[in-house]
Amino acid sequence: MTTDVQSCTKKSRGRPKVFDKEAALDKAMTLFWQHGYEATSLADLVEATGAKAPTLYAEFVNKEGLFRAVLDRYISRFAARHEAQLFDEEKSVDQALRDYFTRDRHLLYQ
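Under the UniProt record's numbering, the very last position in the sequence shown is 110; numbers go up by exactly one each time.
Hints should not be assumed to be uniformly reliable.
Distance windows between CB atoms, simulated [unchecked claim]:
| # | residue 1 | residue 2 | range |
| --- | --- | --- | --- |
| 1 | Thr102 | His35 | 15 to 25 Å |
| 2 | Glu47 | Gln95 | 33 to 43 Å |
| 3 | Phe101 | Ala43 | 24 to 34 Å |
| 4 | Glu89 | Val18 | 43 to 53 Å |
| 5 | Glu89 | Ala43 | 42 to 52 Å |
| 6 | Leu97 | Gly50 | 12 to 22 Å |
| 7 | Ala53 | Arg98 | 38 to 48 Å |
| 8 | Glu59 | Ala80 | 19 to 29 Å |
| 9 | Glu59 | Glu89 | 37 to 47 Å |
| 10 | Ser76 | Ser41 | 25 to 35 Å |
| 11 | Tyr57 | Leu97 | 35 to 45 Å |
Worth flagging that the hints you see were computed from the coordinates, not collected in a lab.
For clarity, every value in this text was computed on a predicted model and none was experimentally measured.
Built from N, CA and C at the ideal position, the CB exists for glycine as well.
Could you build all of it, start to finish, from the sequences and the hints given here?
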């Protein structure tokens with residue numbers, strides 16, 4: 001006896017979900033850097049990410065949740081590289097600190 005698995009699954013209506021969380025986090029990160037947390041509105045985030053407000057709420061709960069997710073992403077992607085700069089023995093302490101704090105500033109002006 002065989003069972004048809006597809007007959008047991010309910011097909012959803014409408015368009016399939018095409019929310020790219022990683023891309024949305026990158027775009028939100030840029031907005032928060034450019035305008036700051038307080039000055040970045042949900043409408044700004046909706047426009048930049050291309051997602052609808054309900055999608056952002058479903059994924060992140062609120063603006064603070066999105067901001068925290070952005071920080072987590074930043075830390076996981078960039079912090080390790082930044083820390084390596086601090087321990088570069090070929091650089092002076094002054095140069096290592098300058099590089100540490102200015103490395104990704106170009107991302108602010110994309």
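We went through each hint and held it up to the structure:
Range check, Thr102 to His35: Cβ separation about 20 Å, and the 15 to 25 Å hint holds. Take Glu47 and Gln95: their Cβ atoms lie about 39 Å apart, and the range 33 to 43 Å holds. The hinted range of 24 to 34 Å is satisfied by Phe101 and Ala43, whose Cβ atoms lie roughly 31 Å apart. Against the hinted window of 43 to 53 Å, the Cβ-Cβ separation of Glu89 and Val18 comes to about 47 Å, which satisfies the hint.
Restraint check, Glu89 to Ala43: a C-beta distance of roughly 48 Å satisfies the suggested window 42 to 52 Å. Judged by the Cβ atoms, the range 12 to 22 Å given for Leu97 and Gly50 is violated: they are separated by roughly 37 Å. For the hinted restraint 38 to 48 Å between Ala53 and Arg98, the CB-CB distance of approximately 40 Å keeps it satisfied. For Glu59 and Ala80, the hinted distance range of 19 to 29 Å is satisfied, since their beta carbons lie about 25 Å from each other.
For Glu59 paired with Glu89, a C-beta distance near 43 Å keeps the hint of 37 to 47 Å intact. Checking the proposed 25 to 35 Å range against Ser76 and Ser41 shows it holds: the Cβ atoms sit about 26 Å from each other. Hint check: Tyr57 to Leu97, Cβ distance near 39 Å, so the stated range 35 to 45 Å holds.
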